[in-house]
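K.L.:
From these two lone chains plus the hints, build me the complex, please.
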Amino acid sequence: MLVSRGEDLGDIRIDVPYQLITVLSGLYPWVTEGKIAVLCRRCDEKALAEIIKRGLMDEKRIVKIGLACTKEQIAECRCADPVPSEVHIGEQGRPVEKDELMEKLLKLSSEERLKFWVAQFRKCNKCFGCTISCPVCFCDECVLEERTFVAEQGIPPGLSFHLIRAFHMSDKCIECGECERCCPGDIPLLTFRKMMARDMKDLHGFVPGDAKTISPLLTTLEDELLEGECDER
Amino acid sequence: MTGFNPTILAFCCNWCSYAGADLAGVSRLQMPPNVHVVRVMCSASVKPEYVFKAISQGIDGVLVLGCHIGDCHYMTGNHRTAKRIPVVRKAIHDLGIDERRVHLDWVSAAEGEKFQKVVTEFVNDIKKLGPNPLRGVRF
Chain A
19 MLVSRGEDLG
29 DIRIDVPYQL
39 ITVLSGLYPW
49 VTEGKIAVLC
59 RRCDEKALAE
69 IIKRGLMDEK
79 RIVKIGLACT
89 KEQIAECRCA
99 DPVPSEVHIG
109 EQGRPVEKDE
119 LMEKLLKLSS
129 EERLKFWVAQ
139 FRKCNKCFGC
149 TISCPVCFCD
159 ECVLEERTFV
169 AEQGIPPGLS
179 FHLIRAFHMS
189 DKCIECGECE
199 RCCPGDIPLL
209 TFRKMMARDM
219 KDLHGFVPGD
229 AKTISPLLTT
239 LEDELLEGEC
249 DER
Chain B
241 MTGFNPTILA
251 FCCNWCSYAG
261 ADLAGVSRLQ
271 MPPNVHVVRV
281 MCSASVKPEY
291 VFKAISQGID
301 GVLVLGCHIG
311 DCHYMTGNHR
321 TAKRIPVVRK
331 AIHDLGIDER
341 RVHLDWVSAA
351 EGEKFQKVVT
361 EFVNDIKKLG
371 PNPLRGVRF
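Residue numbers (the numbering used here), protein chains in the order written: chain A, 19 to 251; chain B, 241 to 379.
If we strip away everything but chain B, and leave its shape as in the complex, we get (with noise of 0.2 angstroms):
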């Protein structure tokens, strides 16, 4: 689908992803230009009904990225998102939206490079899936 640009919402925690992202512009490297970065203390504060929200009113993508495992500044905070995002998936999966508008990976403050990617990787797969559904439907 060519003109697509697709919207994409990525909430970055504060302590890795978000320096990461950070690295990522410091570094001058290059990403498409599609996504809009929402910096959260911890990415356990992506409650699953901003995603829903997201999703339900026209969001082509949302990224969650946080801390590796084990690095979380909260101890256990990414555990927790580790385990309530993929039940997110299934729910808009079982609504009948594809489950790869949201994806969830980890970015430390040192992977400027592996936030480039990401975000590459997961733009191209959006623009792949063409616009959200949800779009064009008004309730």
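Isolated chain A (complex conformation) (with noise of 0.2 angstroms):
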């Protein structure tokens, strides 16, 4: 819902279902004047401080009003760090420390997680939602979209798909979950970002969402900025 200055609130929700900062996204281009608000949980927080990292937006230009998500909210997510900075709207939570879906797949074979992955990946019907509904996918041109790397035609997409996704989320996902939440096959997409945030804090100690670290993957082993020999976000 959108409401500029002196309208009548009405009956608006705060249970936020759709990831807002996608939608700001959209938005931003288009209001070329003032300030924007926007709710923002900790991980539209998160993905802000990703985004404006990358010179996308503004950070002078954006209004955070802080909402505390609920414990269902919290529970649907597996969220482990659910306290935005400033709360305004709600209360704080408890985080939940374990996933457990990853818990029980990381302690079973290699042959079975494959098994598990495959007959989930199976259910994919390449609608793309989870590319569309992402607030740190910001990429011009999407790889995915390229026949080179993705077939282009027939369903499902194959493993590759899902394995670039991965790649690429690898050193932004803020795990709002809007991805598996808006996954018609309710394929455990986040289970997946998260197995792979663990390999990134193990890898590189990078941790996204901080306005202030730099993506290892856009760093040299020395930790300092690669200069722009090709053109990655």
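Treat the hints with care, as some may be off.
Looking from chain A toward chain B, a few residues come up when the C-beta cut is under 10 angstroms (computed) [stated by the list, open to error]:
no., residue
1, Glu164
2, Phe210
3, Leu235
Below, in silico cross-link-like pairs of lysine-lysine (DSSO-like), each with a Cα-Cα straight-line distance of 27 angstroms or less [stated by the list, open to error]:
no., chain 1, residue 1, chain 2, residue 2
4, A, Lys133, B, Lys357
5, B, Lys287, A, Lys219
6, A, Lys125, A, Lys141
7, A, Lys71, B, Lys368
8, B, Lys367, A, Lys125
9, A, Lys53, A, Lys230
10, B, Lys368, A, Lys125
11, B, Lys368, A, Lys133
No lab work stands behind these hints, which were simulated from the structure alone. Every value quoted in this text rests on a predicted model; they were computed, and no experiment measured them. Note that CB positions come from ideal geometry on N, CA and C, so glycine has one too.
P.N.:
As structure tokens, then:
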């Protein structure tokens, strides 16, 4: 719902059924004056940090209204970091430390894990819901739409689709769980993201969602910023 | 497993590893014939997408070979490779494919023998691992 100054809020919803930062990204180029206020859960805040870090939005133009997630929302996302830096609405919830599916999958042998994921990814009908709803999916041209990497026709698209997405999200996924919620096939995508996030932490000690840290994939081994030899974000 | 001949893709960078492979050939070093060499300008131009596509289409192993750190023709290209290939390995591990199927190594233009060693060892490792489980999977 969009409101401007002086309008009646009516019965505004604060349960946030969409990824608001994705909505904001679509809106941002069209609102050229003034400031934009946006309800920010902790994950939205982290998504904004990732976007601002890449110079896609001006931090000064955005007013964040801190929104604490409810217990149900936290449980749904298996969220380990649910409290925004400033809480204006709602009550602080407790984080959930463990993703049970992830724990289960990591205990399985690799054959069984592959069997699980193949069965899950066979449900994919390549609707691109996961990319469209994703707040940190902001390439100008999407490689997943190129037939070089993903077969142009036919569903399911194969594993390369999901592997490429997992890699692209590895240094920016803020675990909002929107991909999983909007997936018509109910693929546990958030669990896959959480597995990659854990690997990123183990390998490079990097956690997305902080405006100050640069993605390790964009720096040299001495942690200096790579020069613009290829155009990647 | 007898009779299993793995198909292996080796991305070799133009400036070091491809020349290294050339040297190995010119020196008539013996090595298994399972490797298909793909010449790329830099190991950093091996996008993770290439590796994922190869693996998901049933290639048994992917070798990424580049210049030694500090010797890159493009100064920091292989830094990028060094950072992203471990993530690629983790991604396929999380999916349930053995991460040893993707291997990153540095081979310079003078290291024909190292090229032979890397290829031979990698082929032996893949022979032990068996065929790519995705080879028979139809989507």
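K.L.:
Next, verify each hint and record whether it holds.
P.N.:
Status of each hint after checking the structure:
Satisfaction of the interface hint for glutamate 164/A is found here, the shortest Cβ-Cβ separation to chain B being roughly 9 angstroms, below the 10 angstroms cut-off. Contact between phenylalanine 210/A and chain B, as hinted, is supported at the beta carbon level, the nearest pair being about 7 angstroms apart and thus within 10 angstroms. Hint status for leucine 235/A relative to chain B: holds, with the closest Cβ pair at about 6 angstroms, below 10 angstroms. The hinted pair formed by lysine 133/A and lysine 357/B fails the criterion: a straight-line CA distance of about 34 angstroms is larger than 27 angstroms.
About 22 angstroms separates the Cα atoms of lysine 287/B and lysine 219/A, which keeps this hinted pair within 27 angstroms; it holds. A threshold of 27 angstroms between alpha carbons decides the hint, and for lysine 125/A with lysine 141/A the separation of about 23 angstroms falls inside it, so the pair holds. Among the hinted pairs, lysine 71/A with lysine 368/B is inconsistent with the structure: their alpha-carbon atoms are about 45 angstroms apart, more than 27 angstroms. Among the hinted pairs, lysine 367/B with lysine 125/A is consistent with the structure: their alpha-carbon atoms are about 25 angstroms apart, no more than 27 angstroms.
Taken as a hint, the lysine 53/A and lysine 230/A pair is honoured in the structure, with Cα atoms around 23 angstroms apart against an allowance of 27 angstroms. For the hint linking lysine 368/B to lysine 125/A, the alpha-carbon distance of about 23 angstroms falls within 27 angstroms, and the restraint holds. Between lysine 368/B and lysine 133/A the alpha-carbon distance is near 21 angstroms, which keeps this suggested pair within the 27 angstroms criterion.
Consistency with the previously given hints fails for numbers 4, 7, ordered from lowest to highest.
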